[in-house]
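Using the numbering used here, read the sequence shown as starting at 28 and increasing by one per residue.
Just so you know, these hints were derived from the structure itself, not from any lab. Mixed in with the good hints, there may be bad ones.
[Stated by the list, open to error] Below, computed lysine-lysine pairings styled on DSS-like, alpha-carbon distance capped at 27 Å: (1) K273 / K462; (2) K371 / K381; (3) K273 / K371; (4) K410 / K381; (5) K467 / K390; (6) K521 / K462; (7) K273 / K576; (8) K410 / K574; (9) K381 / K422; (10) K373 / K390; (11) K462 / K497; (12) K273 / K261; (13) K555 / K521; (14) K422 / K467; (15) K273 / K390; (16) K448 / K261; (17) K467 / K373; (18) K576 / K592.
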Amino acid sequence: MNDRYDAGAANHGADQYELVGYDEYGQPVYRQVRPQQSQQQTYDPYAQQTQQYDQGYGYDPYAQQGTQPPAYDYGAYDPYATGSHQGGGPAHDPYGRTTAAEAPGRQPHAEQAAQQTAHIPQQTAHIPQQAGPAHDQEAPAEPQREYHTEQFAFVEEPDANSEDVIDWLKFTENRTERREEARRRSRSRIVALAVVFALVAAGGVGYLWYAGKLPGLSSDGSATGTATAAGAQKRDVIVVHLHDIKGDGTATALLVDNTTTQRGTTVLLPNSLALTSDDGTTTTLAKSVEDDGSDGTRDALDTVLGTDIEGTWRLDTPYLQNLVDLVGNIDVDTDTDVPDPTAKKKGTAPLVNKGRDQTLSGKMAVAYATYRAPGEAQDAQLKRFGQVLQSVLRKLSSDPQAATTTIQTLQQILDPSLTDKDLGTFLAGLSDLAKGGDYKTDLLPVRSDGTLSAQTGAGIVRNVLGGTAKSPDKDAAVSVSVQNATGVEDNTEKARVVLLNGGFTFLEGGTGTARATSQVVYADAAGKANAAEVAKTLGLPAGSVTKGKVSGSADVSVVLGQDYKPSSD
(Lines of atoms letter the chains of each structure in order from A and count residues from 1; the text may use other names and numbers.)
(Lines give C-alpha, C1' and ligand atoms only; values in the text may rest on other atoms or scores of the structure.)
Protein backbone atom coordinates (compact mmCIF):
# COMPACT_ATOMS: atom_id res chain seq x y z
CA MET A 1 0.00 0.00 0.00
CA ASN A 2 1.51 3.31 -1.07
CA ASP A 3 1.01 6.46 0.89
CA ARG A 4 1.53 10.02 -0.22
CA TYR A 5 5.19 9.91 0.64
CA ASP A 6 5.90 7.09 -1.80
CA ALA A 7 4.07 8.87 -4.54
CA GLY A 8 6.15 12.00 -4.02
CA ALA A 9 9.39 10.10 -4.00
CA ALA A 10 8.65 8.33 -7.24
CA ASN A 11 7.71 11.41 -9.23
CA HIS A 12 10.63 13.82 -9.20
CA GLY A 13 8.87 16.41 -11.25
CA ALA A 14 5.79 16.60 -9.06
CA ASP A 15 5.26 18.27 -5.72
CA GLN A 16 6.95 16.58 -2.82
CA TYR A 17 5.59 16.13 0.71
CA GLU A 18 7.31 15.65 3.94
CA LEU A 19 6.16 13.99 7.12
CA VAL A 20 5.76 16.40 9.98
CA GLY A 21 4.18 14.17 12.62
CA TYR A 22 1.09 12.28 13.62
CA ASP A 23 -2.34 13.37 14.69
CA GLU A 24 -4.16 12.25 17.87
CA TYR A 25 -5.41 9.14 16.05
CA GLY A 26 -1.95 8.01 14.97
CA GLN A 27 -2.29 9.03 11.31
CA PRO A 28 0.81 10.62 9.59
CA VAL A 29 0.59 14.31 8.80
CA TYR A 30 2.38 15.64 5.64
CA ARG A 31 3.13 19.01 4.12
CA GLN A 32 4.19 20.11 0.62
CA VAL A 33 7.88 20.76 -0.05
CA ARG A 34 8.98 23.19 -2.75
CA PRO A 35 11.27 21.62 -5.40
CA GLN A 36 15.01 22.38 -5.10
CA GLN A 37 17.07 23.66 -8.04
CA SER A 38 20.08 21.68 -7.08
CA GLN A 39 20.62 18.18 -8.13
CA GLN A 40 18.46 15.78 -6.25
CA GLN A 41 19.95 12.83 -4.63
CA THR A 42 18.47 9.41 -4.34
CA TYR A 43 16.42 9.11 -1.15
CA ASP A 44 17.59 6.38 1.07
CA PRO A 45 15.18 6.08 3.92
CA TYR A 46 17.57 3.85 5.81
CA ALA A 47 20.76 5.87 5.36
CA GLN A 48 22.27 7.89 8.19
CA GLN A 49 22.12 11.56 7.29
CA THR A 50 22.50 14.67 9.23
CA GLN A 51 19.52 16.81 9.88
CA GLN A 52 19.15 20.06 8.12
CA TYR A 53 16.98 22.82 9.12
CA ASP A 54 15.11 24.93 6.70
CA GLN A 55 15.02 28.45 7.92
CA GLY A 56 12.02 29.31 5.83
CA TYR A 57 9.91 26.22 6.44
CA GLY A 58 11.27 24.65 9.56
CA TYR A 59 12.35 21.10 9.77
CA ASP A 60 13.10 19.50 6.34
CA PRO A 61 14.25 15.91 6.57
CA TYR A 62 14.67 15.74 2.80
CA ALA A 63 16.91 18.76 2.25
CA GLN A 64 19.64 18.25 -0.49
CA GLN A 65 22.18 20.88 0.64
CA GLY A 66 25.07 18.66 1.42
CA THR A 67 23.51 17.08 4.42
CA GLN A 68 21.92 13.67 4.77
CA PRO A 69 18.42 13.16 6.03
CA PRO A 70 18.12 11.83 9.54
CA ALA A 71 18.33 8.16 9.89
CA TYR A 72 15.21 6.36 11.04
CA ASP A 73 15.78 4.06 13.91
CA TYR A 74 13.20 1.33 13.58
CA GLY A 75 14.51 -0.36 16.61
CA ALA A 76 13.70 2.66 18.68
CA TYR A 77 9.98 2.34 17.85
CA ASP A 78 8.31 0.24 20.45
CA PRO A 79 4.58 0.12 19.96
CA TYR A 80 4.17 -1.67 23.30
CA ALA A 81 6.79 0.34 25.21
CA THR A 82 5.63 1.38 28.56
CA GLY A 83 8.86 3.02 29.74
CA SER A 84 10.32 6.47 29.10
CA HIS A 85 10.73 7.91 25.59
CA GLN A 86 13.97 7.01 23.81
CA GLY A 87 15.91 8.39 20.85
CA GLY A 88 14.77 11.99 21.19
CA GLY A 89 11.85 11.47 18.75
CA PRO A 90 8.22 12.14 19.38
CA ALA A 91 6.71 10.32 22.28
CA HIS A 92 4.40 7.45 21.38
CA ASP A 93 1.56 5.72 23.28
CA PRO A 94 1.54 1.94 23.60
CA TYR A 95 0.00 1.66 20.12
CA GLY A 96 2.67 3.71 18.28
CA ARG A 97 0.79 6.96 18.24
CA THR A 98 2.48 10.26 19.16
CA THR A 99 1.05 12.11 22.03
CA ALA A 100 -0.97 15.19 21.31
CA ALA A 101 1.39 17.40 23.29
CA GLU A 102 4.54 16.48 21.25
CA ALA A 103 3.21 15.77 17.76
CA PRO A 104 4.88 18.24 15.35
CA GLY A 105 1.84 18.23 13.11
CA ARG A 106 -0.23 19.83 15.82
CA GLN A 107 1.94 23.08 15.82
CA PRO A 108 -0.07 25.85 14.25
CA HIS A 109 2.96 27.29 12.39
CA ALA A 110 6.05 25.84 10.77
CA GLU A 111 8.28 28.21 12.72
CA GLN A 112 7.15 26.77 16.00
CA ALA A 113 7.92 23.27 14.68
CA ALA A 114 11.42 24.39 13.67
CA GLN A 115 12.08 25.88 17.05
CA GLN A 116 11.01 22.71 18.74
CA THR A 117 12.99 20.37 16.49
CA ALA A 118 16.08 22.52 16.88
CA HIS A 119 16.44 21.26 20.37
CA ILE A 120 16.28 17.63 19.15
CA PRO A 121 19.48 16.96 17.26
CA GLN A 122 18.70 13.36 16.31
CA GLN A 123 14.93 13.06 15.86
CA THR A 124 13.79 9.93 14.19
CA ALA A 125 10.74 9.75 11.99
CA HIS A 126 8.50 6.80 11.38
CA ILE A 127 6.39 6.17 8.36
CA PRO A 128 3.74 3.54 9.20
CA GLN A 129 3.03 0.65 6.85
CA GLN A 130 6.24 1.21 4.86
CA ALA A 131 8.83 -1.53 4.68
CA GLY A 132 12.46 -0.91 3.96
CA PRO A 133 14.30 -2.14 0.85
CA ALA A 134 15.01 -5.80 0.56
CA HIS A 135 18.69 -5.29 -0.19
CA ASP A 136 19.26 -3.21 2.89
CA GLN A 137 20.60 -4.69 6.02
CA GLU A 138 18.26 -6.62 8.19
CA ALA A 139 16.18 -4.66 10.57
CA PRO A 140 17.32 -4.87 14.09
CA ALA A 141 15.53 -7.45 16.18
CA GLU A 142 12.33 -6.28 17.76
CA PRO A 143 12.85 -5.75 21.43
CA GLN A 144 11.15 -7.99 23.91
CA ARG A 145 7.64 -6.85 24.64
CA GLU A 146 6.43 -6.57 28.12
CA TYR A 147 3.21 -8.32 28.93
CA HIS A 148 1.00 -7.88 31.93
CA THR A 149 -1.26 -10.43 33.53
CA GLU A 150 -4.34 -8.28 33.11
CA GLN A 151 -3.86 -8.52 29.33
CA PHE A 152 -4.58 -12.28 29.55
CA ALA A 153 -7.18 -12.19 32.25
CA PHE A 154 -9.83 -13.25 29.74
CA VAL A 155 -8.19 -16.69 29.44
CA GLU A 156 -9.07 -17.54 33.00
CA GLU A 157 -12.68 -16.33 32.73
CA PRO A 158 -15.22 -19.18 32.32
CA ASP A 159 -17.18 -19.42 29.15
CA ALA A 160 -20.58 -17.97 30.09
CA ASN A 161 -22.17 -19.32 26.94
CA SER A 162 -21.18 -22.90 27.67
CA GLU A 163 -22.45 -22.60 31.25
CA ASP A 164 -25.73 -21.15 30.01
CA VAL A 165 -26.18 -24.05 27.61
CA ILE A 166 -25.57 -26.57 30.37
CA ASP A 167 -27.95 -24.75 32.68
CA TRP A 168 -30.63 -24.62 29.98
CA LEU A 169 -30.30 -28.35 29.31
CA LYS A 170 -30.58 -29.05 33.01
CA PHE A 171 -33.58 -26.74 33.29
CA THR A 172 -35.44 -28.36 30.38
CA GLU A 173 -34.63 -31.84 31.70
CA ASN A 174 -35.75 -30.96 35.22
CA ARG A 175 -38.88 -29.25 33.89
CA THR A 176 -39.87 -32.35 31.92
CA GLU A 177 -39.28 -34.55 34.93
CA ARG A 178 -41.37 -32.23 37.10
CA ARG A 179 -44.21 -32.34 34.62
CA GLU A 180 -44.15 -36.13 34.51
CA GLU A 181 -44.03 -36.27 38.31
CA ALA A 182 -46.98 -33.85 38.53
CA ARG A 183 -48.96 -36.03 36.14
CA ARG A 184 -48.19 -39.13 38.21
CA ARG A 185 -49.25 -37.36 41.41
CA SER A 186 -52.47 -36.15 39.77
CA ARG A 187 -53.33 -39.66 38.61
CA SER A 188 -52.62 -41.02 42.08
CA ARG A 189 -54.82 -38.39 43.69
CA ILE A 190 -57.68 -39.07 41.28
CA VAL A 191 -57.49 -42.80 41.98
CA ALA A 192 -57.36 -42.18 45.73
CA LEU A 193 -60.33 -39.82 45.59
CA ALA A 194 -62.31 -42.32 43.53
CA VAL A 195 -61.58 -45.06 46.05
CA VAL A 196 -62.56 -42.82 48.98
CA PHE A 197 -65.73 -41.73 47.23
CA ALA A 198 -66.67 -45.34 46.49
CA LEU A 199 -66.09 -46.34 50.11
CA VAL A 200 -68.13 -43.40 51.40
CA ALA A 201 -70.95 -44.12 48.95
CA ALA A 202 -70.96 -47.80 49.89
CA GLY A 203 -70.99 -46.94 53.58
CA GLY A 204 -73.79 -44.42 53.10
CA VAL A 205 -75.90 -46.86 51.10
CA GLY A 206 -75.30 -49.53 53.70
CA TYR A 207 -76.37 -47.25 56.50
CA LEU A 208 -79.47 -46.10 54.61
CA TRP A 209 -80.36 -49.72 53.89
CA TYR A 210 -79.89 -50.67 57.52
CA ALA A 211 -81.92 -47.65 58.64
CA GLY A 212 -84.65 -48.30 56.09
CA LYS A 213 -84.22 -44.89 54.45
CA LEU A 214 -83.44 -45.99 50.92
CA PRO A 215 -85.92 -44.79 48.27
CA GLY A 216 -88.40 -47.57 47.64
CA LEU A 217 -87.46 -49.22 50.92
CA SER A 218 -88.96 -46.61 53.23
CA SER A 219 -92.05 -46.93 55.31
CA ASP A 220 -94.23 -46.27 52.31
CA GLY A 221 -92.67 -48.94 50.16
CA SER A 222 -93.04 -52.66 50.11
CA ALA A 223 -89.70 -53.76 48.71
CA THR A 224 -88.72 -57.31 49.31
CA GLY A 225 -85.87 -57.95 51.69
CA THR A 226 -86.48 -55.09 54.13
CA ALA A 227 -88.66 -57.07 56.54
CA THR A 228 -85.70 -58.62 58.35
CA ALA A 229 -83.89 -55.31 58.77
CA ALA A 230 -87.08 -53.54 59.86
CA GLY A 231 -87.97 -56.29 62.32
CA ALA A 232 -84.55 -56.05 63.96
CA GLN A 233 -84.98 -52.35 64.75
CA LYS A 234 -85.96 -51.17 68.21
CA ARG A 235 -89.11 -49.06 68.56
CA ASP A 236 -91.03 -47.46 71.39
CA VAL A 237 -94.77 -47.21 70.65
CA ILE A 238 -97.70 -45.71 72.56
CA VAL A 239 -101.30 -45.22 71.44
CA VAL A 240 -103.13 -41.88 71.80
CA HIS A 241 -106.93 -41.63 71.95
CA LEU A 242 -108.39 -38.16 71.45
CA HIS A 243 -111.82 -37.99 73.08
CA ASP A 244 -114.11 -35.19 71.98
CA ILE A 245 -116.25 -34.74 75.07
CA LYS A 246 -118.73 -32.53 73.20
CA GLY A 247 -119.01 -34.39 69.92
CA ASP A 248 -118.90 -37.87 71.41
CA GLY A 249 -116.24 -39.07 68.94
CA THR A 250 -112.72 -40.41 69.10
CA ALA A 251 -109.55 -40.25 67.00
CA THR A 252 -106.67 -42.68 67.43
CA ALA A 253 -102.98 -42.48 66.50
CA LEU A 254 -99.78 -44.39 67.25
CA LEU A 255 -96.65 -42.46 68.29
CA VAL A 256 -93.55 -44.38 67.17
CA ASP A 257 -89.94 -43.64 68.19
CA ASN A 258 -87.52 -45.75 66.15
CA THR A 259 -84.37 -45.60 68.28
CA THR A 260 -82.39 -47.52 65.67
CA THR A 261 -82.97 -45.20 62.73
CA GLN A 262 -83.51 -42.08 64.89
CA ARG A 263 -86.81 -41.30 63.20
CA GLY A 264 -90.24 -40.58 64.62
CA THR A 265 -93.64 -41.24 63.08
CA THR A 266 -97.29 -40.63 63.83
CA VAL A 267 -99.43 -43.42 62.37
CA LEU A 268 -103.07 -42.39 62.07
CA LEU A 269 -105.56 -45.24 62.56
CA PRO A 270 -109.00 -44.89 60.93
CA ASN A 271 -112.01 -45.64 63.15
CA SER A 272 -113.16 -48.22 60.60
CA LEU A 273 -110.12 -50.43 61.22
CA ALA A 274 -111.42 -53.92 61.89
CA LEU A 275 -110.36 -55.48 65.19
CA THR A 276 -111.15 -58.63 67.10
CA SER A 277 -112.85 -58.02 70.40
CA ASP A 278 -112.30 -59.91 73.64
CA ASP A 279 -115.08 -62.37 72.89
CA GLY A 280 -113.65 -63.16 69.46
CA THR A 281 -116.16 -61.17 67.46
CA THR A 282 -115.18 -58.60 64.89
CA THR A 283 -115.51 -54.97 65.84
CA THR A 284 -114.16 -51.59 64.78
CA LEU A 285 -111.54 -49.40 66.37
CA ALA A 286 -114.06 -46.75 67.37
CA LYS A 287 -116.38 -49.31 69.03
CA SER A 288 -113.42 -50.99 70.73
CA VAL A 289 -112.33 -47.68 72.31
CA GLU A 290 -115.81 -47.13 73.71
CA ASP A 291 -116.60 -50.69 74.76
CA ASP A 292 -113.33 -52.39 75.55
CA GLY A 293 -111.44 -49.49 77.02
CA SER A 294 -107.71 -48.86 76.81
CA ASP A 295 -106.46 -52.30 77.70
CA GLY A 296 -108.80 -54.19 75.35
CA THR A 297 -108.12 -51.82 72.44
CA ARG A 298 -104.36 -51.98 72.98
CA ASP A 299 -104.41 -55.77 72.88
CA ALA A 300 -106.60 -55.78 69.79
CA LEU A 301 -104.23 -53.41 67.99
CA ASP A 302 -101.24 -55.56 68.89
CA THR A 303 -103.05 -58.52 67.38
CA VAL A 304 -104.03 -56.91 64.10
CA LEU A 305 -100.78 -54.97 63.59
CA GLY A 306 -98.27 -57.31 65.16
CA THR A 307 -96.87 -54.53 67.38
CA ASP A 308 -95.98 -54.19 71.04
CA ILE A 309 -97.69 -51.06 72.33
CA GLU A 310 -96.17 -50.00 75.65
CA GLY A 311 -98.90 -47.67 76.92
CA THR A 312 -102.10 -45.72 76.25
CA TRP A 313 -102.42 -41.94 76.47
CA ARG A 314 -106.03 -40.80 76.73
CA LEU A 315 -106.12 -37.18 75.66
CA ASP A 316 -109.50 -35.54 76.20
CA THR A 317 -110.12 -32.28 74.35
CA PRO A 318 -109.79 -30.06 77.47
CA TYR A 319 -106.33 -31.50 78.15
CA LEU A 320 -105.32 -30.94 74.53
CA GLN A 321 -106.39 -27.30 74.85
CA ASN A 322 -104.30 -26.88 78.01
CA LEU A 323 -101.31 -28.62 76.42
CA VAL A 324 -101.29 -26.24 73.43
CA ASP A 325 -101.53 -23.25 75.72
CA LEU A 326 -98.66 -24.54 77.88
CA VAL A 327 -96.27 -24.91 74.94
CA GLY A 328 -97.14 -21.40 73.72
CA ASN A 329 -99.52 -21.98 70.81
CA ILE A 330 -98.70 -23.91 67.64
CA ASP A 331 -98.29 -23.16 63.91
CA VAL A 332 -100.26 -25.30 61.46
CA ASP A 333 -100.86 -25.26 57.70
CA THR A 334 -104.65 -25.46 57.90
CA ASP A 335 -106.61 -26.99 55.00
CA THR A 336 -110.05 -25.50 55.71
CA ASP A 337 -111.92 -22.80 57.57
CA VAL A 338 -113.28 -23.98 60.93
CA PRO A 339 -116.35 -22.22 62.29
CA ASP A 340 -116.58 -21.19 65.89
CA PRO A 341 -118.64 -23.86 67.68
CA THR A 342 -119.81 -21.32 70.24
CA ALA A 343 -121.06 -18.81 67.65
CA LYS A 344 -124.83 -18.26 67.80
CA LYS A 345 -125.24 -16.18 64.68
CA LYS A 346 -124.64 -17.25 61.11
CA GLY A 347 -122.06 -15.36 59.14
CA THR A 348 -119.71 -15.12 62.08
CA ALA A 349 -116.03 -15.10 61.18
CA PRO A 350 -114.45 -18.57 61.36
CA LEU A 351 -112.49 -19.49 64.42
CA VAL A 352 -109.68 -20.98 62.29
CA ASN A 353 -108.80 -19.59 58.87
CA LYS A 354 -107.43 -21.65 56.05
CA GLY A 355 -103.81 -20.89 55.18
CA ARG A 356 -100.14 -21.57 55.80
CA ASP A 357 -98.49 -21.11 59.18
CA GLN A 358 -101.67 -20.31 61.03
CA THR A 359 -101.02 -19.72 64.72
CA LEU A 360 -103.51 -21.68 66.80
CA SER A 361 -104.29 -21.26 70.46
CA GLY A 362 -105.51 -24.15 72.59
CA LYS A 363 -109.16 -23.57 71.75
CA MET A 364 -108.44 -23.17 68.04
CA ALA A 365 -106.27 -26.29 68.01
CA VAL A 366 -109.07 -28.39 69.54
CA ALA A 367 -111.62 -27.03 67.07
CA TYR A 368 -109.30 -27.80 64.12
CA ALA A 369 -108.31 -31.28 65.36
CA THR A 370 -111.92 -32.40 65.84
CA TYR A 371 -113.51 -30.64 62.86
CA ARG A 372 -115.25 -32.74 60.24
CA ALA A 373 -117.18 -31.02 57.46
CA PRO A 374 -120.62 -32.33 56.44
CA GLY A 375 -120.29 -35.38 54.20
CA GLU A 376 -116.51 -35.46 54.76
CA ALA A 377 -114.77 -38.77 55.41
CA GLN A 378 -113.34 -39.43 58.84
CA ASP A 379 -109.85 -39.63 57.36
CA ALA A 380 -109.87 -35.85 56.73
CA GLN A 381 -110.55 -35.13 60.40
CA LEU A 382 -107.92 -37.70 61.38
CA LYS A 383 -105.26 -35.91 59.30
CA ARG A 384 -106.01 -32.62 61.05
CA PHE A 385 -105.54 -34.35 64.38
CA GLY A 386 -102.16 -35.61 63.14
CA GLN A 387 -101.12 -32.06 62.17
CA VAL A 388 -101.93 -30.78 65.64
CA LEU A 389 -99.99 -33.62 67.30
CA GLN A 390 -96.83 -33.00 65.25
CA SER A 391 -97.02 -29.24 65.83
CA VAL A 392 -97.32 -29.80 69.60
CA LEU A 393 -94.23 -32.04 69.52
CA ARG A 394 -92.23 -29.32 67.73
CA LYS A 395 -93.10 -26.80 70.45
CA LEU A 396 -92.62 -29.15 73.39
CA SER A 397 -89.29 -29.09 75.24
CA SER A 398 -86.67 -31.67 74.21
CA ASP A 399 -85.46 -31.88 77.81
CA PRO A 400 -87.02 -34.94 79.54
CA GLN A 401 -87.35 -33.15 82.87
CA ALA A 402 -89.02 -30.08 81.34
CA ALA A 403 -91.36 -32.23 79.25
CA THR A 404 -92.29 -34.24 82.33
CA THR A 405 -93.08 -31.03 84.18
CA THR A 406 -95.38 -29.97 81.33
CA ILE A 407 -97.27 -33.28 81.50
CA GLN A 408 -97.60 -33.04 85.25
CA THR A 409 -98.98 -29.51 84.91
CA LEU A 410 -101.91 -30.88 82.88
CA GLN A 411 -103.06 -32.76 86.00
CA GLN A 412 -104.68 -35.42 83.92
CA ILE A 413 -105.26 -38.96 85.08
CA LEU A 414 -103.15 -41.25 82.97
CA ASP A 415 -103.52 -44.89 82.20
CA PRO A 416 -101.80 -47.07 84.81
CA SER A 417 -99.53 -48.42 82.07
CA LEU A 418 -98.00 -44.97 81.51
CA THR A 419 -96.56 -42.70 84.23
CA ASP A 420 -95.86 -38.96 84.03
CA LYS A 421 -92.12 -39.52 83.83
CA ASP A 422 -92.40 -42.19 81.14
CA LEU A 423 -94.72 -40.08 79.02
CA GLY A 424 -92.62 -36.91 79.48
CA THR A 425 -89.38 -38.70 78.53
CA PHE A 426 -91.01 -40.34 75.52
CA LEU A 427 -92.48 -37.08 74.23
CA ALA A 428 -89.15 -35.23 74.75
CA GLY A 429 -87.43 -37.74 72.44
CA LEU A 430 -90.07 -37.29 69.75
CA SER A 431 -89.83 -33.52 70.15
CA ASP A 432 -86.11 -33.64 69.39
CA LEU A 433 -86.80 -35.64 66.21
CA ALA A 434 -89.62 -33.33 65.15
CA LYS A 435 -87.42 -30.24 65.54
CA GLY A 436 -84.65 -31.88 63.52
CA GLY A 437 -86.92 -32.78 60.60
CA ASP A 438 -86.77 -36.53 61.27
CA TYR A 439 -90.47 -36.85 61.91
CA LYS A 440 -93.46 -37.56 59.66
CA THR A 441 -97.13 -38.47 59.79
CA ASP A 442 -98.64 -41.44 57.89
CA LEU A 443 -102.23 -42.57 57.49
CA LEU A 444 -102.78 -46.31 57.71
CA PRO A 445 -104.77 -47.25 54.61
CA VAL A 446 -107.62 -49.72 55.13
CA ARG A 447 -110.18 -51.19 52.81
CA SER A 448 -113.85 -50.34 52.94
CA ASP A 449 -114.55 -53.29 55.22
CA GLY A 450 -111.85 -52.16 57.65
CA THR A 451 -109.32 -54.85 56.79
CA LEU A 452 -105.69 -54.35 55.74
CA SER A 453 -104.43 -55.42 52.35
CA ALA A 454 -100.95 -56.71 51.71
CA GLN A 455 -100.33 -53.91 49.18
CA THR A 456 -101.68 -50.86 51.06
CA GLY A 457 -101.17 -51.49 54.75
CA ALA A 458 -98.24 -53.89 54.82
CA GLY A 459 -95.64 -51.21 54.02
CA ILE A 460 -96.42 -49.09 57.08
CA VAL A 461 -97.09 -52.07 59.32
CA ARG A 462 -93.84 -53.80 58.42
CA ASN A 463 -91.41 -50.87 57.97
CA VAL A 464 -92.75 -48.33 60.45
CA LEU A 465 -94.26 -50.55 63.13
CA GLY A 466 -92.04 -53.57 62.54
CA GLY A 467 -95.07 -55.89 62.68
CA THR A 468 -97.16 -58.10 60.44
CA ALA A 469 -100.67 -57.18 59.34
CA LYS A 470 -103.29 -59.72 60.40
CA SER A 471 -106.83 -58.59 59.85
CA PRO A 472 -109.67 -60.59 61.42
CA ASP A 473 -111.65 -63.06 59.35
CA LYS A 474 -113.99 -61.23 57.06
CA ASP A 475 -116.81 -63.68 57.86
CA ALA A 476 -116.54 -63.06 61.56
CA ALA A 477 -118.90 -60.04 61.37
CA VAL A 478 -121.33 -58.63 58.84
CA SER A 479 -120.06 -55.39 57.36
CA VAL A 480 -122.67 -52.72 56.73
CA SER A 481 -122.09 -49.67 54.53
CA VAL A 482 -124.28 -46.70 55.53
CA GLN A 483 -125.09 -43.68 53.34
CA ASN A 484 -126.87 -40.77 54.98
CA ALA A 485 -129.70 -39.35 52.83
CA THR A 486 -131.81 -37.97 55.67
CA GLY A 487 -130.48 -34.42 55.47
CA VAL A 488 -129.44 -34.60 59.15
CA GLU A 489 -125.68 -34.87 59.70
CA ASP A 490 -125.80 -36.54 63.08
CA ASN A 491 -127.86 -39.49 61.80
CA THR A 492 -124.73 -41.15 60.40
CA GLU A 493 -123.03 -41.25 63.77
CA LYS A 494 -126.21 -42.46 65.48
CA ALA A 495 -126.61 -45.28 62.98
CA ARG A 496 -122.95 -46.21 63.45
CA VAL A 497 -123.34 -46.56 67.19
CA VAL A 498 -126.44 -48.70 66.83
CA LEU A 499 -124.85 -51.02 64.29
CA LEU A 500 -121.64 -51.41 66.28
CA ASN A 501 -123.62 -52.22 69.38
CA GLY A 502 -125.50 -54.82 67.38
CA GLY A 503 -122.26 -56.59 66.44
CA PHE A 504 -122.01 -55.33 62.90
CA THR A 505 -119.00 -53.79 61.22
CA PHE A 506 -119.79 -50.21 60.25
CA LEU A 507 -118.55 -48.82 56.95
CA GLU A 508 -119.25 -45.21 56.14
CA GLY A 509 -120.76 -44.60 52.72
CA GLY A 510 -120.84 -40.81 52.82
CA THR A 511 -123.74 -38.44 52.28
CA GLY A 512 -126.27 -38.70 49.45
CA THR A 513 -129.14 -36.68 48.07
CA ALA A 514 -132.04 -36.49 50.48
CA ARG A 515 -134.73 -39.10 49.92
CA ALA A 516 -137.97 -39.97 51.68
CA THR A 517 -137.58 -43.70 52.32
CA SER A 518 -134.74 -45.87 53.53
CA GLN A 519 -133.39 -48.94 51.75
CA VAL A 520 -131.45 -52.03 52.85
CA VAL A 521 -129.76 -53.93 49.98
CA TYR A 522 -128.19 -57.36 49.90
CA ALA A 523 -126.27 -58.96 47.02
CA ASP A 524 -127.34 -62.62 47.09
CA ALA A 525 -129.77 -64.95 48.79
CA ALA A 526 -127.24 -65.78 51.51
CA GLY A 527 -127.21 -62.14 52.55
CA LYS A 528 -130.97 -61.71 52.82
CA ALA A 529 -131.10 -62.76 56.46
CA ASN A 530 -128.27 -60.43 57.35
CA ALA A 531 -130.05 -57.56 55.59
CA ALA A 532 -133.26 -58.24 57.51
CA GLU A 533 -131.29 -58.22 60.77
CA VAL A 534 -129.69 -54.88 59.88
CA ALA A 535 -133.09 -53.33 59.11
CA LYS A 536 -134.44 -54.54 62.40
CA THR A 537 -131.44 -53.14 64.31
CA LEU A 538 -131.87 -49.72 62.70
CA GLY A 539 -135.62 -49.69 63.24
CA LEU A 540 -136.44 -49.72 59.55
CA PRO A 541 -139.53 -51.51 58.14
CA ALA A 542 -139.10 -55.01 56.67
CA GLY A 543 -140.27 -53.68 53.29
CA SER A 544 -137.07 -51.66 52.99
CA VAL A 545 -135.03 -54.84 52.46
CA THR A 546 -134.35 -55.52 48.78
CA LYS A 547 -131.91 -57.35 46.55
CA GLY A 548 -129.53 -55.29 44.50
CA LYS A 549 -125.96 -54.10 44.05
CA VAL A 550 -123.96 -53.71 47.20
CA SER A 551 -121.44 -50.88 47.30
CA GLY A 552 -117.79 -51.70 47.92
CA SER A 553 -116.89 -54.85 49.79
CA ALA A 554 -119.72 -54.57 52.30
CA ASP A 555 -122.13 -57.40 52.89
CA VAL A 556 -125.12 -55.09 53.24
CA SER A 557 -125.67 -51.54 51.98
CA VAL A 558 -127.99 -49.13 53.77
CA VAL A 559 -129.35 -45.82 52.51
CA LEU A 560 -130.97 -43.86 55.30
CA GLY A 561 -134.03 -41.85 54.25
CA GLN A 562 -136.13 -39.30 56.00
CA ASP A 563 -138.24 -42.10 57.47
CA TYR A 564 -135.30 -43.11 59.65
CA LYS A 565 -135.97 -42.36 63.27
CA PRO A 566 -132.92 -42.78 65.50
CA SER A 567 -133.52 -44.62 68.71
CA SER A 568 -133.75 -42.52 71.85
CA ASP A 569 -130.91 -44.37 73.42
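Tested hints:
1. K273 / K462: 32 Å, violated
2. K371 / K381: Holds - the C-alpha atoms of K381 and K371 are around 21 Å apart, at most 27 Å.
3. K273 / K371: Holds - the C-alpha atoms of K371 and K273 are around 16 Å apart, at most 27 Å.
4. K410 / K381: 15 Å, holds
5. K467 / K390: 24 Å, holds
6. K521 / K462: 41 Å, violated
7. K273 / K576: Judged against 27 Å, a Cα distance of about 37 Å means the pair is violated.
8. K410 / K574: Given that 27 Å is the threshold and the Cα spacing comes to 37 Å, the pair is violated.
9. K381 / K422: 21 Å, holds
10. K373 / K390: 20 Å, holds
11. K462 / K497: 34 Å, violated
12. K273 / K261: 38 Å, violated
13. K555 / K521: 24 Å, holds
14. K422 / K467: Judged against 27 Å, a Cα distance of about 15 Å means the pair holds.
15. K273 / K390: Distance ~13 Å between K273 and K390 Cα, so the pair holds.
16. K448 / K261: 20 Å, holds
17. K467 / K373: 37 Å, violated
18. K576 / K592: Holds: K576 and K592 sit about 25 Å apart, inside 27 Å.
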